[in-house]
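Those protein sequence lines, which keep their order, are chains A and B.
So that you can map any letter, position 66 of the first sequence is 59 in this note's numbering, and since no number is skipped, the others follow by simple counting.
So that you can map any letter, position 16 of the second sequence is 9 in this note's numbering, and since no number is skipped, the others follow by simple counting.
Hints may be right or wrong, so weigh each one.
Treat identical chains as interchangeable: a pair holds within one or across any two.
To be verified - As a list, the in silico DMTMM-like pairs of lysine to aspartate or glutamate whose alpha-carbon atoms are at most 20 Å apart:
(1) LYS100 with ASP40
(2) LYS64 with ASP75
(3) LYS114 with ASP73
(4) LYS100 with ASP43
(5) LYS114 with ASP94
What the hints contain is simulated information worked out from the structure, not anything from laboratory work.
Residues per chain, in single letters:
There are 2 protein chains.
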Amino acid sequence: MSEQDPQATAASHATGADAPEGAQPQADAAAHAQALADLAGIRRSIDNFDAALIHILAERFRCTQRVGELKAAHGLPATDRDRELRQVERLRELARESDLDPEFAEKFLGFVIAEVINHHKRIAGESS
Amino acid sequence: MSEQDPQATAASHATGADAPEGAQPQADAAAHAQALADLAGIRRSIDNFDAALIHILAERFRCTQRVGELKAAHGLPATDRDRELRQVERLRELARESDLDPEFAEKFLGFVIAEVINHHKRIAGESS
Chain A
-6 MSEQDPQATA ASHATGADAP EGAQPQADAA AHAQALADLA GIRRSIDNFD AALIHILAER
54 FRCTQRVGEL KAAHGLPATD RDRELRQVER LRELARESDL DPEFAEKFLG FVIAEVINHH
114 KRIAGESS
Chain B
-6 MSEQDPQATA ASHATGADAP EGAQPQADAA AHAQALADLA GIRRSIDNFD AALIHILAER
54 FRCTQRVGEL KAAHGLPATD RDRELRQVER LRELARESDL DPEFAEKFLG FVIAEVINHH
114 KRIAGESS
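Isolated chain A (complex conformation) (with noise of 0.2 Å):
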């Protein structure tokens, strides 16, 4: 920590000046301790979610895959740019209702989308 939190600082001036000696490395020790300890537990948490984002992601794409396959098989446009713009509109909404970063929700989309029309080429390469 470069700079000094105010309030650590007047609280350590309130035990007075008559702490023992070792007590302030003593106590930035266990503040140091209870940060890892904080940070582990935070850690744990993501990769809770990140896991939760994969297994979402792996079923999402098997459903991308039958739209495919269901577009080829019954002649139907392969992409549908109306339905795109509403996704990006709806996940926007959704994302500034949860204070996530619009943009990113659009970004993402992207990404994702991008990753299905991947799929569709790769899948179409292999059976041609």
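Fit chain B to the known structure of chain A by using the hints.
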């Protein structure tokens, strides 16, 4: 549909050559309507998965924001390359288990981490 389904052809032969005129176009129209209904159903699932993805991503960014604050407050290094490598390996394994392309899972994590770095830079820029 550019190619006829052999099973459907066999079935229509089995019902006899004396099928009333217009039966085939009607069957085609019914199959087309069914395909559109199936497509709408799958798209509802995709929309639900997308909403779940956005909300989980929002919560993940709340976590990484807290990580950024903790690291700044306690002088912990901003990046942890070992952790990133472990995350990549774990997500590739989860992807394999759920039949998702491990390359995509790795790209996805890179995409999200790049946004986390953007967030942190924006926060640093705002507070400087």
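Do the hints match the structure? See the list:
{"no.": "1", "hint": "LYS100 with ASP40", "result": "between (22 Å within a copy, 16 Å between copies)"}
{"no.": "2", "hint": "LYS64 with ASP75", "result": "within (16 Å within a copy, 44 Å between copies)"}
{"no.": "3", "hint": "LYS114 with ASP73", "result": "within (17 Å within a copy, 36 Å between copies)"}
{"no.": "4", "hint": "LYS100 with ASP43", "result": "both (18 Å within a copy, 13 Å between copies)"}
{"no.": "5", "hint": "LYS114 with ASP94", "result": "between (31 Å within a copy, 14 Å between copies)"}
Comparing the model with each numbered hint stated earlier shows that all of them hold.
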